[in-house]
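Enquirer: Read off the chains here:
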Amino acid sequence: MSTLKDKCAIVGVGETVYNRDSGRTELNMAVEAANRAIADAGLVPQDIDGIVKFTADSTPQGELAACLGIPYLRYYGELGPLGGAACGLVIQSAMAVAQGVVNNVLVYRSVNGRSGQRYGSGTVTTRRGLGSSAFTEPYGLLVPGQSSALRARRHMHEFGTKMEHFGAVAVAFRNNACLNPRAIMHGRPITMEDYLTSRMFFDPLHILDCALEADGANAFVITSAERAANLKQPPVYITSAAQTLLAGMNGHGRSWDESGGALLAPELFGEAGVTPQDIDVVGFYDHFSPVIITKLEDYGFCQRGEGGPFVEGGRIEVGGELPVNTSGGHLSEAYLQGMNQIIEVVRQLRGQSPAQVEGAELGLVDSGDGSGALILRR
Amino acid sequence: MTTANFPLPVPNLDNQEFWDQCRQHRLVLRRCLDCRSFHHPPRPNCPECASSNLEWVESPGKGKVYTYVITRQPVNPAFRERLPWGVVEVELEEGVHVISNLVECDADDIEIGMEVEVVFEAVNDEITLPKFRRVGQ
Chain U
1 MSTLKDKCAI VGVGETVYNR DSGRTELNMA VEAANRAIAD AGLVPQDIDG
51 IVKFTADSTP QGELAACLGI PYLRYYGELG PLGGAACGLV IQSAMAVAQG
101 VVNNVLVYRS VNGRSGQRYG SGTVTTRRGL GSSAFTEPYG LLVPGQSSAL
151 RARRHMHEFG TKMEHFGAVA VAFRNNACLN PRAIMHGRPI TMEDYLTSRM
201 FFDPLHILDC ALEADGANAF VITSAERAAN LKQPPVYITS AAQTLLAGMN
251 GHGRSWDESG GALLAPELFG EAGVTPQDID VVGFYDHFSP VIITKLEDYG
301 FCQRGEGGPF VEGGRIEVGG ELPVNTSGGH LSEAYLQGMN QIIEVVRQLR
351 GQSPAQVEGA ELGLVDSGDG SGALILRR
Chain C
1 MTTANFPLPV PNLDNQEFWD QCRQHRLVLR RCLDCRSFHH PPRPNCPECA
51 SSNLEWVESP GKGKVYTYVI TRQPVNPAFR ERLPWGVVEV ELEEGVHVIS
101 NLVECDADDI EIGMEVEVVF EAVNDEITLP KFRRVGQ
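So the sequence lines, in the order shown, correspond to chains U and C. Be aware that the first sequence starts at 1, since it is given in our numbering, and climbs by one per residue. Be aware that the second sequence starts at 1, since it is given in our numbering, and climbs by one per residue.
Excised from the complex, chain U in its bound form (with noise of 0.2 Å):
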């Protein structure tokens, strides 16, 4: 049904330095990662003609484009509501460079995620009692941590999912992240005593099994297969994509029988006419680590209830048999909604990566809880 397959490519990534304090604000941010990005590509600005952002970033096109020197914009959008985003601005961009209505789009996020306006602390996300969050606020179900705590408690409970899984989530992610340069806990090991013993955030999660609110801005350039064959790096193409917006999902906790992802998962494949075996490299959005688990069940690369015991023995690390999130992720590198996992995907498949899985070809990468996902090739 889909024929954005093989239509266009990622040709350029770029990134600020992640921190906790940037001192900089996100307009100057996002200019630097968009700069980047495009000269990542072998482009100059003004051979941008679209521009899309997450709704929740602050920085407006205009304001970039005007900071990157281009006059105007053929091609503009935004997709919301929160850290779902970034698939799907991928596939939005996708559309239109396929339908011809613009040629070059940059899409970008820039947060101080650390220094201004915090995810984990409710600030961003409450809805202060309005619509349906009026049956799920005033008991103090306020924060992200808290609804995926309890998807956790529940898998816990169906499928004997221990702390201990969590852990190898967060012990591989880390373990990762001290092969890129580039992430916040580079050179920061960690081993399961320091996970277990880590403060209880929301109980069952401590912790070590949050994204890391970080400081950054991160972008990339997608434009046509034809026009990615002759630019500087090698074309990174969007074989397949999806999107699942869940009906009602409003806050309640969800049983892991509802993600985004297992609803996607058969089009996504079978866009692409691949396996979940034929994927080498995986980047999931990592907002709390028991959602790795639920997401390997979702995408098929083991059975409902089995994510927990697939997790253990360094399985998803770099040099395991499935590696995820080799940049560390959101767990370990930084929390910027979803953006980090699809450059680390592209670096991977260009074969550029600190964290090189050898020979990788096939990469999936999804955001949100499956509200997008991807799979990319060399």
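In short, the hints are calculated from the structure, not lab data. The C-beta atom is built at its ideal place from N, Cα and C for all residues, glycine as well.
Some chain U residues judged to face chain C by a derived CB distance under 7 Å, without partners named:
#1 Gly122
#2 Ala134
#3 Thr136
#4 Leu142
#5 Gln146
#6 Leu150
#7 Arg154
#8 His157
To spell it out: a stretch of chain C is covered by chain U in this simulated footprint if at least three of its residues, at any positions, have a beta carbon under 8 Å from a beta carbon of chain U; those stretches are:
#9 39-51
#10 62-70
#11 78-91
#12 94-101
Starting from the known structure of chain U, arrange chain C on it as the hints suggest.
Expert: Chain C only, in chain U's frame:
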């Protein structure tokens, strides 16, 4: 007024009846007159069949704890002075799930499968919140 620092419900025309009934210590749910399924929170249409032919049905408010979370750090100012804070997702006998708190139960005593029933806690003249307590206490 144990929830004074959490956001209070802002009723609207789709759910005003729910909150009005809570003030009278009655838990009501939306049921579809066409496909007979319950839903919650209240919406103007049935999520099963999209019908707008709905009724309000009083629920006995009995169910089981489906899952729960215990917040142990003051990640938001509203949690200060009230940690550990337990939030439960209750599966009512009608099949719908509701987010709530357990009263007269330490957060550390919450268990999945615990049988619970609704109680009502007045926050102010306008808002009364349905909460739950263990059955047989």
